[in-house]
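**Q** Next come the chains, spelled out residue by residue.
Protein chains: 2
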Amino acid sequence: MELTGENLIAGAGARGTAVFRAVDPSTGAVLEPEFHEGDAALADRALAAAEAAFPAYARTTAGERAAFLRAVAEELLAAGDALLERAQAETGLPRARLEGERGRTVNQLRLFADHVEEGSWVEARIDPGDPARTPAPKPDLRRMLVPLGPVAVFAASNFPFAFSVAGGDTASAFAAGCPVVCKAHPAHPGTAELAARAVYRAARRTGIGAGVFSLLHGWGHGVGLALVRHPLTRAVGFTGSLRAGRALFDAAAARPDPIPVYAEMGSVNPVFLLPSAVAGRWETIAQGLAQSITLGVGQYCTNPGVVVGVAGPELDRCVRALAERLRAVPAGVMLYGKLSEAYAAGLARSRNRGAELVAEAPAGAGPTRGAPALLATDAARFLADAALREEVFGPSSLVVKARDAAELARVAEALEGQLTVSIHGTAAELARHADLVEILTRKAGRVIFNGFPTGVEVGHAMQHGGPYPATTDARTTSVGTAAIARFARPVCWQDFPAAALPPALRDRNELGIWRRVNGAITREDVPSTG
Amino acid sequence: MELTGENLIAGAGARGTAVFRAVDPSTGAVLEPEFHEGDAALADRALAAAEAAFPAYARTTAGERAAFLRAVAEELLAAGDALLERAQAETGLPRARLEGERGRTVNQLRLFADHVEEGSWVEARIDPGDPARTPAPKPDLRRMLVPLGPVAVFAASNFPFAFSVAGGDTASAFAAGCPVVCKAHPAHPGTAELAARAVYRAARRTGIGAGVFSLLHGWGHGVGLALVRHPLTRAVGFTGSLRAGRALFDAAAARPDPIPVYAEMGSVNPVFLLPSAVAGRWETIAQGLAQSITLGVGQYCTNPGVVVGVAGPELDRCVRALAERLRAVPAGVMLYGKLSEAYAAGLARSRNRGAELVAEAPAGAGPTRGAPALLATDAARFLADAALREEVFGPSSLVVKARDAAELARVAEALEGQLTVSIHGTAAELARHADLVEILTRKAGRVIFNGFPTGVEVGHAMQHGGPYPATTDARTTSVGTAAIARFARPVCWQDFPAAALPPALRDRNELGIWRRVNGAITREDVPSTG
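Listed in order, the protein sequences are those of chains G and D. So the first sequence is numbered by the numbering used here: it starts at 8 and just counts up by one. So the second sequence is numbered by the numbering used here: it starts at 8 and just counts up by one.
Hints are supplied without guarantee of correctness; some may be wrong.
To be verified - To give an idea of the chain G side of the interface with chain D (calculated C-beta under 7 Å), a few residues:
#1 437
#2 439
#3 455
#4 456
#5 470
#6 499
#7 523
Stated by the list, open to error - Reference listing, derived: stretches of chain G covered by chain D, where coverage requires no fewer than 3 residues with Cβ under 8 Å from a Cβ of chain D:
#8 131-138
#9 150-164
#10 249-260
#11 407-414
#12 444-451
As the list claims (entries may be wrong) - Some chain D residues well away from chain G (every beta-carbon gap over 12 Å; in silico):
#13 211
#14 286
#15 436
#16 464
#17 512
#18 525
Since the hints were derived computationally from the structure, they do not count as laboratory data. Note that the Cβ used here is the ideal one computed from N, Cα and C, for glycine as well.
With the hints as extra help, turn the sequences into a complete structure.
**A** Right under this line is the structure:
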């Protein structure tokens, strides 16, 4: 497929005044074609199209919406080698990783299709009325979730499929019944265009209007802020840096009518090593950490950026083993130039703040490389200097050596909100360190026992989120079926005739969904009061 | 019981530098004793106490928390006449209304106790692991809601029990497992102190630490903003004016770590009259509207402030009947001086903007009175002037006359977010006006057919909330059991040993709650994989 480089407004190409080109990070080569930057005027057109498409899309049945989601999955697969090759050229990610990520993206779309068909996500609640109640008749109340309206989705650079154009935010918004206006990540604009065209093909063959999707390009902040500030935008999904995420959050909060922003902004994903772990399982831990730190050249939100243990010869032995493994991992191609520059700057910052460089892999040849590195510091310094607690995005980690269990707990207390926290030890240690576990659980969206944070399973029970600054909304997840609730709100119908009620709320449970009737969860029909 | 007039920090009295006294709005008489205003230092002490109490309170079993909630209900009843008399003196509300409201408050606490005991509100989700999966083992993931931490609750003036110290926000935060620091409404500080003492008695006799509750007084914004800005505060519940609610929202959004603000800020609760309603049921509608407009001297968030119909002799007849009934309702005592002044100013503003005064009841004798009033305007003026669409808090309504059905829809489109929208007509008309119903549903948290918005049922299916500016968070409700989710967030445990998991997430479903296991909702145990 020929790339046009245009913004896509409800499927129609739209040029802009400024252009840019993608770069192959592995070679520095500039890629064709030119891409047109979106602007406020195009954002307005995209949101007008989304708003126009919303009523019909919100009315689609679960089956229709599921068919659309599954068709998007099929079209992503049908995009074949062209999609994978463009993604490889734009991101420097290996082919096998990209195939795996596309598979994950396809499964995610299908999981949301299944979830929408199962149907209970609307959280139907029915309190039947009682006209005979005294002193006042009891009204008939029926409540369920309805879609919010047009959603602005900001694609991430580090998952060109799974957190990009047809990734989790788009899938969950579509599943909820919301049109999407997507801001493509400028590091992979061609991949974005190909994925967008897959979305349009899926819409066309399942009878969904093209207005449910638009794609805007751009490196600048202008078009993104225009999306967030637009009066028709009802919610925002974002994965990226703290600085960019906070800017979108602030813009949304400053609107005349504030809207929710679901920004996933990463974290340092601390790994706590309890005594038995460093004493007994140190080799396994060194191996697991080295893999987790260097996976995807460390470009994961869940990359373990901090490792905490009690100082001593056993921790030193574990750190030496980890250092040795990291030195052996070749430098990798990072996603784009600014990212590899920021990685180098982050390592320099930590060293300037007194962290000791324990190991560094060779820098490697070619542009945009990131070499694995391990730093270390003592807990006192880590506690005294917030700069050491900031995320360094890339294949490095900082070992923090505490004097004793009490200082371990102080390190835990000093942490900001995290996507994940991992704890290594025995079940007996978990019980003995219950206070530490409680502190860590309060800081994180996901707590992991004897494992490593990378690898975010897409399922029903996943929580990918956490207290600020991991995200701007710890009450939600950006991975897994629970993400659908981000793009919906409850409405209660009072004393409505059955024909005017959504099918999910009628006495006869024709959808077969789980509902809360008079407070009890059931799939039975509502008993007739006639 | 003797009132001390002190702030209550975890049960201990604390004086302030400034003092104020309550006023009986029906007479203007100043009431004893002096009340001490809280300040930032007391807010800090209260939140430190809440934070210290949080871990133990979060660990309480459902049964312990339910017993506490039921004990609060019992102690409110046991506070007896002293509580009702003080509330009557401070609010001017009639005894019968206050008794009814206390009953509602007690039922609300008991409903949350039942809901916590039923237990499914934690939304447990379990995706069991599969160590044999290839290429990578599937981790064991278990997710549920956990309490957020200390919550700041701002009491409302218009419900001295149900939306005050031991009202819905406090009950739902306690139910979720969160300590509460309550900012008393300064118009009923004595009622607040008595209710706070009931909370402490309940805590004492159910073994809950007094740190779970504190009460701060004050007319100024200082103490409230100090609560919202305090680093330990994890969420905010508020019912009151748009101006005050937005100020709290802005302060929370500007924090280094933003926190959710659930501000319910009222609305105009439009009532749409379709042709058959004004033709056939005009007398019933006039009667219902007159009751709803004047109930509680119009001091409800759900007061119907706008009535919309198609101009013509039938609408005129209905308006005349409504005007006649409103003229016959005596002026009532409003809650406090500023409120009756704002009511008079609001009516004057609407008249200055060209709304015609159709009817006004006699002003009545005594201070702080609000007399029922009816205004009218045409849709063109209503559409052109946003000031006419603003809430006038008190016993009045504005009739908006549209030329035809198309202009009715334009009025609907022009409305901001609402707590409620009511539609009067026949079932056939609902179907004929599907587009209008869709517009209105998008604007509101609750849509009512052939009824009136006042009277907010406390149950499972209630939605009391709506798009901004009705609230700052349309995804939640401040009335009904679903409110508990406002004060919780999900945590996912990965590969944790059973003993270290919360009971709700263990294989054996010992709590008997509904859970989503492998995506299917069930009360069965998790099948053993051993």
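**Q** Would you mind marking each hint as holding or not holding in the structure?
**A** Going through the hints against the structure:
1. 437: With Cβ-Cβ at 5 Å, under 7 Å, it holds.
2. 439: Since chain D brings no Cβ nearer than about 11 Å to residue 439 of chain G, farther than 7 Å, the hint is violated.
3. 455: holds (4 Å)
4. 456: holds (5 Å)
5. 470: holds (4 Å)
6. 499: holds (4 Å)
7. 523: At about 5 Å, which falls below the 7 Å cut-off, the nearest Cβ of chain D leaves the hint on residue 523 of chain G intact, so it holds.
8. 131-138: holds (count 3)
9. 150-164: holds (count 4)
10. 249-260: holds (count 3)
11. 407-414: violated (count 0)
12. 444-451: With 5 residues closer than 8 Å to chain D, the stretch 444-451 of chain G meets the three-residue bar; holds.
13. 211: The assertion about residue 211 of chain D holds, with a minimum of 25 Å to chain G.
14. 286: holds (19 Å)
15. 436: violated (10 Å)
16. 464: violated (6 Å)
17. 512: Contrary to the label, residue 512 of chain D does not stay out of reach of chain G, its closest Cβ about 9 Å off (not over 12 Å).
18. 525: violated (7 Å)
In this structure, the hints that do not hold are numbers 2, 11, 15, 16, 17 and 18, in rising order.
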